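*Asks:* Chains A and B supply the protein sequences, listed in that same order. Numbering of the first sequence is given in the working numbering, commencing with residue 1 and proceeding in unit increments. Numbering of the second sequence is given in the working numbering, commencing with residue 511 and proceeding in unit increments.
Simulated from the structure, these hints should not be mistaken for laboratory data. Bear in mind that the values here come from a model prediction, so they are computed numbers and not experimental data. Glycine included, each C-beta is placed from N, C-alpha and C at the ideal position. Where hints are given, some of them may not hold.
Result set (BS3-like, lysine-lysine): computed pairs, CA atoms no more than 25 Å apart in a straight line [to be verified]:
(1) B:K963 - A:K27
(2) A:K104 - B:K582
(3) A:K94 - B:K582
(4) B:K554 - A:K264
(5) A:K242 - B:K558
(6) A:K264 - B:K963
(7) A:K33 - B:K754
(8) A:K170 - B:K542
For each label pair, taking beta carbons as the anchor points, the in silico distance ranges come out as [claimed, not checked]:
(9) A:V313 - B:R574: 23 to 33 Å
(10) B:H753 - A:S115: 46 to 56 Å
(11) B:E553 - A:S115: 44 to 54 Å
(12) B:N562 - A:Y323: 24 to 34 Å
(13) A:R325 - B:K925: 17 to 27 Å
(14) A:D31 - B:K582: 50 to 60 Å
(15) B:H753 - A:V313: 24 to 34 Å
(16) A:S115 - B:T839: 50 to 60 Å
(17) B:S549 - A:K242: 50 to 60 Å
(18) B:R896 - A:E301: 49 to 59 Å
Below are the chains, spelled out letter by letter.
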Amino acid sequence: MFRQARWDEPVIFNLGKAGRVGYTLPKVEEDVKGAVGDLNMLIPENLQRKDAPRLPELSEPEVIRHFIRLSEMNYGVDSGLYPLGSCTMKYNPKINEFLAGLPKLGMLHPYQNESTVQGVLEILYRLERWLAEITGTAEVCLQPSAGAHGEFLGVCIMRAYHRLKGESEKRKDVLIPDSAHGTNPASAAMAGFNVVVIPSDEEGCVDLEALKAAVSDRTAGLMLTNPNTLGIFEKNIEEIAKIVHEAGGLLYYDGANLNPILCKVRPGDMGFDIVHINIHKTFGTPHGGGGPGAGPVGVTEELAKFLPVPRIVFDGERYRLDYDRPYSIGKIRCFYGNVAVLLKAYAYILSLGREGLEEVAEVSVLNANYVMRKLREIEGLALPYNSEKPRKHECVFSAKPLKNKTGVSALNIAKRLLDYGLHAPTIYFPLIVEEALMIEPTETAEKEELDRFVEAMREICREAREKPEEVLMAPHNTAVRRLDEVRASHPQTMALSWRMYQKKLAAKKP
Amino acid sequence: MVEIGLKGKGHPYIPNSNPKIKQEMMREIGIKSIDELYSDIPEKYFLKKPLNLPEALSEFEVKRHVEALLSKNKTCEDMPVFLGAGCWPHYVPAVVKEIVQRSEFLTSYTPYQPEISQGMLQALFEYQSMICELTAMDVANCSMYDWASALGEAARMASRVTKRNEIFIPRIIHPERKATLQTYTEPADISIKEIAYNPETGQLDLDDLERKISDRTAAVYIENPSYLGFVEEHVDEIGSIAHKHGALFIVGVDPTSLGVFKPPGEYGADIVVGEAQPLGNSMNFGGPLLGIFACRDDLNLVRQMPGRIIGLTTTTDGGKHGFCMVLQTREQHIRREKATSNICSNEALCAVASAVYMALLGPQGLRELGETIMYRSNYAMRLLSRIEGVKAPVFKSLHFKEFTVNFDSAGLSVKEVNEKLLGMGIHGGKDISKEFPELGQTALYCVTEIHSKEDIGLLAKSLEKIVQKR
Ligand SMILES: Cc1ncc(COP(=O)(O)O)c(C=O)c1O
Numbered sequence: 001m002f003r004q005a006r007w008d009e010p011v012i013f014n015l016g017k018a019g020r021v022g023y024t025l026p027k028v029e030e031d032v033k034g035a036v037g038d039l040n041m042l043i044p045e046n047l048q049r050k051d052a053p054r055l056p057e058l059s060e061p062e063v064i065r066h067f068i069r070l071s072e073m074n075y076g077v078d079s080g081l082y083p084l085g086s087c088t089m090k091y092n093p094k095i096n097e098f099l100a101g102l103p104k105l106g107m108l109h110p111y112q113n114e115s116t117v118q119g120v121l122e123i124l125y126r127l128e129r130w131l132a133e134i135t136g137t138a139e140v141c142l143q144p145s146a147g148a149h150g151e152f153l154g155v156c157i158m159r160a161y162h163r164l165k166g167e168s169e170k171r172k173d174v175l176i177p178d179s180a181h182g183t184n185p186a187s188a189a190m191a192g193f194n195v196v197v198i199p200s201d202e203e204g205c206v207d208l209e210a211l212k213a214a215v216s217d218r219t220a221g222l223m224l225t226n227p228n229t230l231g232i233f234e235k236n237i238e239e240i241a242k243i244v245h246e247a248g249g250l251l252y253y254d255g256a257n258l259n260p261i262l263c264k265v266r267p268g269d270m271g272f273d274i275v276h277i278n279i280h281k282t283f284g285t286p287h288g289g290g291g292p293g294a295g296p297v298g299v300t301e302e303l304a305k306f307l308p309v310p311r312i313v314f315d316g317e318r319y320r321l322d323y324d325r326p327y328s329i330g331k332i333r334c335f336y337g338n339v340a341v342l343l344k345a346y347a348y349i350l351s352l353g354r355e356g357l358e359e360v361a362e363v364s365v366l367n368a369n370y371v372m373r374k375l376r377e378i379e380g381l382a383l384p385y386n387s388e389k390p391r392k393h394e395c396v397f398s399a400k401p402l403k404n405k406t407g408v409s410a411l412n413i414a415k416r417l418l419d420y421g422l423h424a425p426t427i428y429f430p431l432i433v434e435e436a437l438m439i440e441p442t443e444t445a446e447k448e449e450l451d452r453f454v455e456a457m458r459e460i461c462r463e464a465r466e467k468p469e470e471v472l473m474a475p476h477n478t479a480v481r482r483l484d485e486v487r488a489s490h491p492q493t494m495a496l497s498w499r500m501y502q503k504k505l506a507a508k509k510p
Numbered sequence: 511m512v513e514i515g516l517k518g519k520g521h522p523y524i525p526n527s528n529p530k531i532k533q534e535m536m537r538e539i540g541i542k543s544i545d546e547l548y549s550d551i552p553e554k555y556f557l558k559k560p561l562n563l564p565e566a567l568s569e570f571e572v573k574r575h576v577e578a579l580l581s582k583n584k585t586c587e588d589m590p591v592f593l594g595a596g597c598w599p600h601y602v603p604a605v606v607k608e609i610v611q612r613s614e615f616l617t618s619y620t621p622y623q624p625e626i627s628q629g630m631l632q633a634l635f636e637y638q639s640m641i642c643e644l645t646a647m648d649v650a651n652c653s654m655y656d657w658a659s660a661l662g663e664a665a666r667m668a669s670r671v672t673k674r675n676e677i678f679i680p681r682i683i684h685p686e687r688k689a690t691l692q693t694y695t696e697p698a699d700i701s702i703k704e705i706a707y708n709p710e711t712g713q714l715d716l717d718d719l720e721r722k723i724s725d726r727t728a729a730v731y732i733e734n735p736s737y738l739g740f741v742e743e744h745v746d747e748i749g750s751i752a753h754k755h756g757a758l759f760i761v762g763v764d765p766t767s768l769g770v771f772k773p774p775g776e777y778g779a780d781i782v783v784g785e786a787q788p789l790g791n792s793m794n795f796g797g798p799l800l801g802i803f804a805c806r807d808d809l810n811l812v813r814q815m816p817g818r819i820i821g822l823t824t825t826t827d828g829g830k831h832g833f834c835m836v837l838q839t840r841e842q843h844i845r846r847e848k849a850t851s852n853i854c855s856n857e858a859l860c861a862v863a864s865a866v867y868m869a870l871l872g873p874q875g876l877r878e879l880g881e882t883i884m885y886r887s888n889y890a891m892r893l894l895s896r897i898e899g900v901k902a903p904v905f906k907s908l909h910f911k912e913f914t915v916n917f918d919s920a921g922l923s924v925k926e927v928n929e930k931l932l933g934m935g936i937h938g939g940k941d942i943s944k945e946f947p948e949l950g951q952t953a954l955y956c957v958t959e960i961h962s963k964e965d966i967g968l969l970a971k972s973l974e975k976i977v978q979k980r
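Just chain B, same shape as in the assembly (with noise of 0.2 Å):
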């Protein structure tokens, strides 16, 4: 066979591509073509023709073929970005994009040879204790893909756990996140069940949970902001209810809520979820994010968590503190079909950064954070209710980071009002008309530490010019 392409030369990524090389090892283990190696190969499955893929390009094409591409779109450093809905703009300090580079960490694979892995090891089992830190659980897992496939992954294990098969969530929630979790329950044949809201202020209508739970239900589930912003008030008693009837409580959250807000570990929550990519993590238009998967010190529970845990433990001679994966028998490698879940590699690089983050931080930083944010936010929903025809946020509640607004006595669509902002450099809010049409016109807001009052302020004019130019 002749020589393939790179013009004799080899590639840079394929040491042994050189033909010299290539034709020594050829010689050494007996074989005067590579097609040796693949004579077990049917001959009827060979490529008759080249496949239809590109010429190699030098490191620099590439670069500058990728970044001309790129260019093309437009960032939030580009224009204000006001889009959150699960996955949010915020700032990723230089030291956490330093720390994930290291190529240490980077490279690595699953840590199956703890002695050799104790870096990764050690800054995953901080980041599970930096978890429980914020959402005061005992434990938590080393991440998940992200918050619609953590809470999947929770509905499945609180049907495990109390061998039940209804879960109750409320009614808004974000629709791709109850996709998801449709995917996830319908196979293990749990129904979801949706709780009402109460129109004025949004929170869930507790009397509508009363009627409807049994001892059928396995959980109850609420988001803490929910998914339109604001903050659900009667987290104690949604508990109790839960527990009352042998169910268990899963909360949803925003881990940057949780520097001012309690956590959920402080009202009775047995599984907590959530995204934590707004902790030291890019957007990246949507991927990689960081599921957030926590619960209680009950073995019930801990068992049947999915996804790797990292524990501490000692050398065996007793002398040194160490880190290790552990129960490893809830895990597909070792109980196969019988394994609490699928997942084999996760999230871990981004959950070294989310805790490089909270290490940055600390206890002050992110209450900090949490304040920056509430301000910022209900300073902006301040500004645009102000708006004659604008109405923001829908509900009366508490809200942080996100909010609704509301155009309908402006008498305009938010994809009017969207297309508008974009003509004047603004990324204006995410439409929910169509996923609660109940709500009317309504667009969700997001503003986080990165809005300065410029910013806000810049969409509070841009906002009263569209709604007067009507």
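Next comes chain A alone, as it looks inside the complex (with noise of 0.2 Å):
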């Protein structure tokens, strides 16, 4: 049986004594010293710091205990299976860690005379081309850093392109299908459009009256996922491009599914105006509990005039950073992107090729269609949407039969199987299907570990069942018993920093 370590583990503000040190600046020579004079001279006395910061006083070896017992109360990829959907949580290579922690990148500064980086700006050029090729692309931007960063450098560039169109004022619509990734409309609504919701029809597709209703000359553009986040692919999407671009919209492609059609399909030939992508996904960049990703963003021909400065070109000589890009829409972040998440997916690929990248995406279809069948025979489990049609990377599951039963939830369900050592599936995503687990495997995963997850599901819908309560309660095996989220969000109770904690909580017993 699984368990995880349970520490103890005080917050790192109890631990430590005070005087303790954890680490040893480089010396200050005395004449450098003598020549600036006294520090509290040149500070005036109203900016000084008056009150050290407090920070917690240890040795070395207290931070390394510390954050390696913490470490061991946290399950990662390394840890088994996690089949976290629309996440793509694959296995992450470690050689592609090795070469990212080189100092000869670590160690560079991005303003350096371009004739030192030519190195790096080699390997960022050459990705993007491989990523403007797998997308079907023109040209690739890798500034973004994150998938939902590319978007917003999506529907800016949609913005930009109206606008020299002199339609900016009157396209204000973007069309998102209620069944998108919460950063889609999040994202259109931060570049100032309204986001109207198309419904799925009962194949789990974009409804296509209800598309055709939608678009008017107010539409600036779709934003799809396709695959969607069912796991199905959108066979009407010629249709689709049709009615969006005669419309005079343009046609975004949410990226994050990308891993099952790679080297098969590409947006770019579906009509797909603007595509991200995410490395931390598809190109199995680790990602890092939260970050940091990078979401490179590509675009036609036509709108490749948009994008973000400075671009990298090749003179056939030298690599340099065009600055000079009079429609561009100016910058997202400072710098040129999240280089060393991005020197991994340049090894990745590398490592992969042409056809082991056929591969992965054969292979992650086959593994999610495997959970799915499998999954299919468990009593108290339904599969919405035509159960016949294939899935590609994932297969969405509603645990509503289940819960009308026995009173046991995805969420439950969820929790459980952290006890058997598996992370839990993404729940309540997407919004269209109740109860949803969305199961993602991906290609990394081995056959014996897919069969054990499935007979990790049918063992807790038996449980539900039988035995309710171990479910209910669960999870058991973890570094914490359930947490109360409430409790953590409620204003009254809610201690965002140890600083919070002491002023509000601390006097009183929680």
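Using the hints, build the complex out of the two chains.
*Replies:* This is the structure in structure tokens:
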């Protein structure tokens, strides 16, 4: 049976002893000090820090032990299966990590003279070309720091496009299917658009009639995930593209789900004008507990002029950074992107090559369908939308039948899975499936692990019928038992930092 | 379909690519070919010819290839680099690297299941808490993409909180940060107005601020230290002016200065943004970076904050403390187009690195870091200012870490100086002659704890030669 480490690890502020230090700084030479003089004479009284920041005082071994214990209370891809739908939690190859950790990258400053950074520019330039080839777009910009950041850039480009055509005042609507990820509407709203929700049809795809009814000369574009979050490919994509383009809108591709179609079909060929890629999904870079990722954006020839500056250009001999782009939307962050993450993607593509990437797609789809077929047999789980239809990288089940019968919800199943040493699937998303369990095994899960997952699901559904309290009270084997999330967000009990906790709650007993 | 590629052996990253296993799984689910799983995709979209991508390389070949490319770079280990301007050369202690390479942290996802993610959650809570101690604020989120995007979000937040749509920024601000601010604020119809500076000192022109501020002003933003390295001295006055007009006071900080300088929370800041890359993260050619975002304990502010926030709570049986994400009703997976921001994946691991860094340094180390940077950078200024034809710094103000160097009297352009320096194996400062033409041929230099007395001496000698040989 699985058992996660359960340390009674204090908050770091309760560790250590006054006066301990964990790190030594280079010594300042006496004559340097002498030349500068007393810092207290230099810094005006009103700007001096009077009370030292109340940071913990720890020696090096104490710091190490604290964080190692914390790491032991955390589950990662290297700990086991992580079938978190839409998040593509695949194995993160170690060689990439090694390469990204080299000082030849780490110690590079972004404003160094171009002649001294030719190597890294070459890597970035080639990666742009490969990603353009993979997505079927003309030019790729590596700057966005995450998928949602790429979306924001994408919709800003949409805005700039309509503005140049003199239609930005009119084209204020961005259409988004109800199955879309929350970042899509949030990004569109950030860029000043109204969000118009398009319902899904009984196949789980964009409802064409609803789409036709929604498009107009106010349409700026449509944001679409394909395969969508149900794992279903929008087979009417040609028609969808036609409807949107004829209305004068642009088609945006949310590339979080690119994995299953790698080297098979390309968003660009399906008529998408703007594409973002989640490097930290498809290209196997680690998610780091929530980042850093990278969300490059590819666009058609026509839209390339709007990409942020600088662009990396190659004149056949040297790589340069080009800031001279009059139509550019400007900037979405400082510098050129999350380069250390992008380097891992570069190595990843090299390790797999064209054929390996296609294999990634095929096996991710095989694994998802394998799990889908097996789970379909389990009493209590329903597979909404045409259950005969193949899924792509992920499948979405509903635990509603089980809940109706036993009171055990998708949330409870998720918590119980943790007891089996498996991470839970994504739950309650997409919003169009009640009691949703969104499962994406990815191509890096082995058959034995998939079988173990299916068995655990079967067992949990059995437990739900036979001894539901076991499931309702789960998890039992994790570092902590179920947490009071309501209390965590309640104004009276909310503690968002140690100082806030001490001001508000430390005096009272919880 | 024939088993593609990989010579029928399968790929090391893909366990089920082994042809026998694949066949077995296909048999079990009743398909003859993988193509059947793609049968719903219209035929016309399938690629007719293979993509123009490289062939797979072995691990050794990948390593050799990437190392060969990287070896074309010259890093600040190969030659002294005096560049800062938003990304700074600092030393990253070995302990920090060790912890963030722990694969339980590195390979985990957003802690959607808190019970099995306590390690990440606690580390992020500790990061937030330490940022609060440094800045003297009550609430910090667990990261933004970088300082620039954090500023963009802060401006939008200020506009939502005050229901006003004008923000004041100093004329002297990093141009890429300003451009990012523009991209973030323009769709929300927030206008950005610049406040002039005192040409002698670089300090914000308070009269100009008083003249321009009104009841349309959502926020006044300053940076401390400023983009050009001088310390803003009238922080108390600026905060009062902002508050007198019902505007928020946003302060941008370099956290390495906060061991020696008064934290923004003690001079009235409502929102603090900044860049935490210097706290334990490598430069990596400019990314990933780590945006700081903090505010006061005021529900009106906290409810409008962008990004993820981790909170301390208890288990439902009340027995133990634990951590989880809080106030998720602000976030896009719940509020969709009404979310306070679209940020989903953030810079969590960089935040863990900074937590480890701050824990290592402690209050004493942080003070020492600030002092060391202060000594070395001010020493550099003094050495350079002795060179005839060189003015360092341009402004008569206190400086921290970065400072301006002007070559007008030497009749040299920054470009010429930098080219000559490069020839001598030194990276000179950032050329800001185009960003701020009124400052003439001026460069922005950066000196941190990694620059030894010898490095600084070498820079001074080299500049002396360049100026004399002209
Ligand atoms: C379908 C989809 N779109 C967009 C995103 C946003 O990507 P990121 O978290 O990198 O901002 C995600 C990931 O959470 C996703 O699953």
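*Asks:* Could you check the hint for me, namely that S115 (chain A) and T839 (chain B) are 50 to 60 Å apart, CB to CB?
*Replies:* At 51 Å between Cβs, range holds.
*Asks:* Is 17 to 27 Å a correct range for the gap between the Cβ atoms of R325 (chain A) and K925 (chain B)?
*Replies:* Between R325 (chain A) and K925 (chain B), where Cβ atoms are some 21 Å apart, the hint holds.
*Asks:* Honestly, do E553 (chain B) and S115 (chain A) meet the 44 to 54 Å range at C-beta?
*Replies:* 49 Å, holds
*Asks:* Could you check the hint for me, namely that S549 (chain B) and K242 (chain A) are 50 to 60 Å apart, CB to CB?
*Replies:* 23 Å, violated
*Asks:* With a cut-off of 25 Å on the C-alpha distance, tell me whether K963 (chain B) and K27 (chain A) pass.
*Replies:* Holds: K963 (chain B) and K27 (chain A) sit about 10 Å apart, inside 25 Å.
*Asks:* Quick one: are H753 (chain B) and S115 (chain A) within 46 to 56 Å, going by C-beta?
*Replies:* 49 Å, holds
*Asks:* Need the status of pair K170 (chain A), K542 (chain B): alpha-carbon distance at most 25 Å?
*Replies:* With a Cα-Cα distance of about 52 Å, the restraint between K170 (chain A) and K542 (chain B) is violated, given a limit of 25 Å.
*Asks:* Is 24 to 34 Å a correct range for the gap between the Cβ atoms of N562 (chain B) and Y323 (chain A)?
*Replies:* Because 29 Å falls inside the window, the suggested range holds.
*Asks:* Has the given pair, K94 (chain A) with K582 (chain B), been kept, meaning a C-alpha gap of at most 25 Å?
*Replies:* Cα-Cα ~23 Å, so holds.
*Asks:* Take a quick look at whether K264 (chain A) and K963 (chain B) sit within 25 Å of each other, Cα to Cα.
*Replies:* Violated, because 58 Å separates the two Cα atoms, which is more than 25 Å.
*Asks:* For the pair supplied as a hint, K33 (chain A) and K754 (chain B), is the alpha-carbon distance within the 25 Å limit?
*Replies:* 41 Å, violated
*Asks:* Is it true that the CA of K554 (chain B) sits at most 25 Å from the CA of K264 (chain A)?
*Replies:* Given pair K554 (chain B), K264 (chain A) holds - Cα atoms ~11 Å apart, limit 25 Å.
When the structure is compared with the earlier hints, violations turn up for hints 6, 7, 8, 14, 15, 17 and for no others.
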